[in-house]
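Residue 64 is where the sequence shown ends in my numbering, and the numbering goes up by one at each step.
In case anyone wonders, no lab produced these hints; they're calculated from the structure. Bear in mind the structure is a predicted one, so any value in this text is a computation, not a measurement. Beta carbons: idealized from backbone N, C-alpha and C, even for Gly. Watch out, some of these pointers could steer you wrong.
With a straight-line Cα cutoff of 20 Å, these simulated SDA-like cross-link-like pairs (lysine to any residue) come out [what the hints assert, rightly or not]:
1. Lys29 x Ser41
2. Lys61 x Ala50
3. Lys61 x Ala40
4. Lys7 x Leu17
5. Lys34 x Met46
Distance ranges between label pairs, derived from CB positions [as the list claims (entries may be wrong)]:
6. Met13 x Glu60: 55 to 61 Å
7. Gly56 x Ser35: 46 to 52 Å
8. Val63 x Ile23: 34 to 40 Å
9. Asp48 x Phe28: 29 to 35 Å
10. Ile19 x Met46: 40 to 46 Å
11. Phe11 x Ala50: 58 to 64 Å
12. Ser35 x Met14: 27 to 33 Å
13. Lys33 x Val63: 23 to 29 Å
14. Glu60 x Ala38: 19 to 25 Å
15. Ile12 x Ile49: 52 to 58 Å
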Amino acid sequence: TGVFEKYNTFIMMFSLVIAATIPATKFKITYKKSTDAEASTPRIMRDIAESRKAGTSPEKCVI
Numbered sequence: 002t003g004v005f006e007k008y009n010t011f012i013m014m015f016s017l018v019i020a021a022t023i024p025a026t027k028f029k030i031t032y033k034k035s036t037d038a039e040a041s042t043p044r045i046m047r048d049i050a051e052s053r054k055a056g057t058s059p060e061k062c063v064i
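With the hints as extra help, turn the sequences into a complete structure.
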């Protein structure tokens, strides 16, 4: 039991770092997707507006 008591703090620290890293990584991926969607929305809206100006129907603008 002497070895386990000696490394108990290191095991606890490593476990806490791993427990915090996994959710942070998942959040980072989700946030990146959200940011990309927000950045591309004006471009999509601009394309739809140009298609409408060209005279296409609203259904065809989206497709």
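Now for the hints, and whether the structure bears them out:
no. : hint                      : in the structure
1   : Lys29 x Ser41             : holds (18 Å)
2   : Lys61 x Ala50             : holds (12 Å)
3   : Lys61 x Ala40             : violated (23 Å)
4   : Lys7 x Leu17              : holds (18 Å)
5   : Lys34 x Met46             : holds (18 Å)
6   : Met13 x Glu60: 55 to 61 Å : holds (60 Å)
7   : Gly56 x Ser35: 46 to 52 Å : violated (34 Å)
8   : Val63 x Ile23: 34 to 40 Å : holds (38 Å)
9   : Asp48 x Phe28: 29 to 35 Å : holds (31 Å)
10  : Ile19 x Met46: 40 to 46 Å : holds (42 Å)
11  : Phe11 x Ala50: 58 to 64 Å : holds (59 Å)
12  : Ser35 x Met14: 27 to 33 Å : holds (32 Å)
13  : Lys33 x Val63: 23 to 29 Å : holds (25 Å)
14  : Glu60 x Ala38: 19 to 25 Å : holds (22 Å)
15  : Ile12 x Ile49: 52 to 58 Å : holds (56 Å)
Hint compliance for this structure: hints 3 and 7 are not met, and every other hint is.
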